[in-house]
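Participant: Residues per chain, in single letters:
2 protein chains.
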Amino acid sequence: MTESKRKKQIQLSHGGGGKEMNKLIKELFFKAFDNPILTNEEDAARLVLKGPTAFTTDSFTVAPLFFAGGDIGKLAIAGTVNDLAMMAARPEYLSCSFIIEEGFELDKLKTIVNSMASEMKKSGAKIVCGDTKVVPKGCADGIFINTSGIGEILQDGISIKNIQAGDAIIVSRDIGRHGAAILMAREGLTLESDLTSDCATLWPIVDALISAQIPLHAMRDATRGGISAVLNEWAVGSNVEISINEVDLPVADEVKGLCELYGFEPLDLANEGTFVIALPQEYANKAVEIIKLHQGAHSGSESADSGFIGEQAAIIGTVGTERAGKVILKTPWGSSRYLDLPQGELLPRIC
Amino acid sequence: MTESKRKKQIQLSHGGGGKEMNKLIKELFFKAFDNPILTNEEDAARLVLKGPTAFTTDSFTVAPLFFAGGDIGKLAIAGTVNDLAMMAARPEYLSCSFIIEEGFELDKLKTIVNSMASEMKKSGAKIVCGDTKVVPKGCADGIFINTSGIGEILQDGISIKNIQAGDAIIVSRDIGRHGAAILMAREGLTLESDLTSDCATLWPIVDALISAQIPLHAMRDATRGGISAVLNEWAVGSNVEISINEVDLPVADEVKGLCELYGFEPLDLANEGTFVIALPQEYANKAVEIIKLHQGAHSGSESADSGFIGEQAAIIGTVGTERAGKVILKTPWGSSRYLDLPQGELLPRIC
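Chain order of the listed sequences is S and B.
Note that the UniProt record's numbering gives residue 58 to position 58 of the first sequence, counting from 1, and the numbers run on in steps of one.
Note that the UniProt record's numbering gives residue 240 to position 240 of the second sequence, counting from 1, and the numbers run on in steps of one.
The hints are simulated quantities; they were obtained by calculation from the structure and are not laboratory data.
Certain hints may be false.
No distinction is drawn between identical chains; accordingly, a pair holds when it is met within one copy or between any pair of copies.
Below 20 Å or equal to it, Euclidean Cα-Cα: the simulated SDA-like pairs (lysine to any residue) are [said to hold, decoys possible]:
#1 23 - 325
#2 161 - 40
#3 26 - 237
#4 137 - 101
#5 292 - 204
#6 326 - 336
#7 137 - 64
#8 137 - 102
#9 8 - 141
#10 286 - 314
#11 50 - 153
#12 23 - 11
#13 137 - 107
#14 161 - 39
#15 50 - 92
With these hints in hand, go ahead and build the complete structure from the sequences.
Facilitator: As structure tokens, this is what we get:
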């Protein structure tokens, strides 16, 4: 390998704790993520927090690293920020830890890092501490990113255990896009469509719901396991029956098509910028209206660049008490069936 | 593969967000790490903190996973807890994220998880949130673990920028053991010795120093890049000259022997339970005395099980102003040379 090619790749020395690592950290990470807490170079960031505070972590191993609608960097920020947002916590401080395979292209790393920096602008979160490990070729597949996040809880009591009979269930947009986009990228499919992942930072939407004083009972972004997993965990967690009208579930035609082709259920497919809410029936319409105001890049609104398109937000079901712990799916033909927690692993490395 | 063998291995479905993942989380992780914040099953842990607070992250990719004196689980707890301790922060809350290769033995995972649970007892830290990803065979090497940590800063102002002319430099024990132990394990060496990694939770020792009201200027555990990296970062960070007496540096004979065999410098080798302190000269002897009270499993003291053996704690140097930004190593023969930041990567995947 020529010296110039080597310079464009990550070397083991970039994770060695010496000169090369310091250079990578200062010239790439500190520049992209610049803030005074990060660049103080102590062993840990120094924060001043006031309780209650939310704390969460996620490792991202998605393959491929780049997909329609995002990349692993965008996902690593949006994913952890969304976990905070789902607790009604304002995303404030993030940690960021890279595991990079020796030989990984420096240009790709820069693209990913810039994507992270850009996504953080959508919530105001800051990376305040980090870590970089480089493993020999063949010991990891490209790059894995862990982000942990801390944020102040603005509306307390939102919980998997707080869903009540009579609540409405809302989904924030059409479902299954992230899983479908990854499947498409992985299979090398080029559909006659503009199917993209829903990957997006949800804090602006949650912030708007909190500001409008909507009494949120439970919120969760429907990532791995999709809507099915969230609803089943909720039904068990609050010991209620959740009943969903299939006809009200927004699903894009492209997602439906891919599901038919590969034998997936849109309800089981992962999302990365789609969330479910349980809240009192009388606030459901107002919440849907607020979500619909967020129209991604085309709206011209303040949150124009969040990438979240809420035009298909919908009330999809209700909460009852009869078959506690179960999720019921009502079909358009009047029949109904149990919707189960997904089993097996159909689509690995989705996030 | 037989069904019973499959059951003893991690499958892709263990990371799929469905039934199998829930089972793994509840039956293994929740049992080992049990505490009410973790098991509430929300998207994020809910904490009540009062500032100032330290926040840090580390990913662990060590190979081999098991070595003399520890394993990746012990390392993943001690490493992050020590980063908090070095800020004089009481380790309180940890996140834990696993990236596991498909086919990884469930028994090994249990050993690692139990090792984590046992190491947390030495500081009182608790895992309050987590994440599990499984990647297909060949996409990772066994298991990687990320831990992020949060803790209350008990003594503020400890900083890489706070080292002052006239300060003494202390090392807490003999150096280079972790690097040497990993090298030994990797090369399949069985020395006629009981060389073990120094991997240990340092909070009990730091807690004792704080309780004794020792005015600590800077503290850092000398992990990747060893003592050389810490001292060089300090000399630059505080714009001072740090002068070290080689003869005062405690190094075990086994570590010296391995270094001669492989051409390493003990000062560059990684440690995982050895730290450096800068503090006013007049407190140096008292600090060394306190550190020496910690004698690992043989002492019968309160911290008997911390695994830290401080009997070789020593004052190794002083801080001056002349050659600011430089570290000077004084040899036993009266000569001296610059001690540089390590370069290159001699020993990858040390932590």
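Participant: Take the hints in turn and mark each one as holding or not.
Facilitator: Quick rundown of the hints versus the structure:
no.: 1; hint: 23 - 325; result: between (54 Å within a copy, 17 Å between copies)
no.: 2; hint: 161 - 40; result: between (41 Å within a copy, 9 Å between copies)
no.: 3; hint: 26 - 237; result: between (45 Å within a copy, 14 Å between copies)
no.: 4; hint: 137 - 101; result: both (6 Å within a copy, 16 Å between copies)
no.: 5; hint: 292 - 204; result: within (12 Å within a copy, 53 Å between copies)
no.: 6; hint: 326 - 336; result: within (12 Å within a copy, 75 Å between copies)
no.: 7; hint: 137 - 64; result: both (17 Å within a copy, 16 Å between copies)
no.: 8; hint: 137 - 102; result: both (5 Å within a copy, 18 Å between copies)
no.: 9; hint: 8 - 141; result: within (18 Å within a copy, 24 Å between copies)
no.: 10; hint: 286 - 314; result: within (11 Å within a copy, 67 Å between copies)
no.: 11; hint: 50 - 153; result: both (10 Å within a copy, 14 Å between copies)
no.: 12; hint: 23 - 11; result: within (12 Å within a copy, 39 Å between copies)
no.: 13; hint: 137 - 107; result: within (17 Å within a copy, 27 Å between copies)
no.: 14; hint: 161 - 39; result: between (40 Å within a copy, 12 Å between copies)
no.: 15; hint: 50 - 92; result: both (12 Å within a copy, 15 Å between copies)
Checked against the numbered hints listed earlier, the structure breaks none of them; every hint is satisfied.
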